[in-house]
Amino acid sequence: DAGVIQSPRHEVTEMGQEVTLRCKPISGHNSLFWYRQTMMRGLELLIYFNNNVPIDDSGMPEDRFSAKMPNASFSTLKIQPSEPRDSAVYFCASSVHSYEQYFGPGTRLTVT
Amino acid sequence: GESVGLHLPTLSVQEGDNSIINCAYSNSASDYFIWYKQESGKGPQFIIDIRSNMDKRQGQRVTVLLNKTVKHLSLQIAATQPGDSAVYFCAETRGGADGLTFGKGTHLIIQP
Numbered sequence: 073d074a075g076v077i078q079s080p081r082h083e084v085t086e087m088g089q090e091v092t093l094r095c096k097p098i099s100g101h102n103s104l105f106w107y108r109q110t111m112m113r114g115l116e117l118l119i120y121f122n123n124n125v126p127i128d129d130s131g132m133p134e135d136r137f138s139a140k141m142p143n144a145s146f147s148t149l150k151i152q153p154s155e156p157r158d159s160a161v162y163f164c165a166s167s168v169h170s171y172e173q174y175f176g177p178g179t180r181l182t183v184t
Numbered sequence: 005g006e007s008v009g010l011h012l013p014t015l016s017v018q019e020g021d022n023s024i025i026n027c028a029y030s031n032s033a034s035d036y037f038i039w040y041k042q043e044s045g046k047g048p049q050f051i052i053d054i055r056s057n058m059d060k061r062q063g064q065r066v067t068v069l070l071n072k073t074v075k076h077l078s079l080q081i082a083a084t085q086p087g088d089s090a091v092y093f094c095a096e097t098r099g100g101a102d103g104l105t106f107g108k109g110t111h112l113i114i115q116p
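Protein chains in written order, with the working numbering: chain A, 73 to 184; chain B, 5 to 116.
A portion of the hints provided could be inaccurate.
What the hints assert, rightly or not - What the simulated footprint calls covered on chain B by chain A, stretch by stretch (three residues with Cβ under 8 Å from a Cβ of chain A suffice, anywhere in the stretch; the number is not a length): (1) 47 to 60; (2) 100 to 112.
Unchecked claim - Example chain A residues on the side facing chain B (calculated, C-beta under 10 Å, incomplete): (3) Asn102; (4) Phe105; (5) Gln109; (6) Leu115; (7) Ile119; (8) Tyr120; (9) Asn123; (10) Ile127; (11) Val161; (12) Ala165; (13) Ser167; (14) His169; (15) Tyr171; (16) Tyr174; (17) Phe175.
Worth flagging that the hints you see were computed from the coordinates, not collected in a lab. A virtual CB, placed ideally from N, CA and C, is assigned to each residue, including glycine.
Please work from the sequences and hints to get the whole structure.
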């Protein structure tokens, strides 16, 4: 199995630019989660979807962040405009049961 | 200068010894408690879970103990191996399609 696929693996961008992170969940998993990991705040849940529908986006830090899941095999997390404090590793995870989530390799975002 | 980040607790054990990693959780409404392992440069990986109506569960070389009275969770790893070196996170969830709330993590170092 391919596992959860994320792209790009690394992204370096300048402040003010739009950033789009992509995720392909494991086939057959009906829940998808976006997390952010920083040294300051650890692992934080940003938003999650069930059957392609956003369930809880209370973890999204600001209106600059948005996420979509147009179909069962694809999701995006967009930051517009990006700021240096958005620098982090962003993980996508998918699951059948929420307690057993399968994480992708992450996208390391650096905003200069 | 750099921001002050999380100072992860570190547990150093001799190869072959048993390891015990502890975690305090906060949400009494959580129904599942889970341990994840994160190796450097990778996403978190599911190890084992325990439901709130249990106090002990065993897996391969791992045992999770749950004490709801004091809101404490522990992970025991038997006969620790070099491949066990990683950061270990406890997490909790209400189950269903809910996301995970992660603890701060413990860095396990295996001494040869």
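(request) Starting from the hint list further up, note which numbers the structure goes against and sort them upward. (result) none
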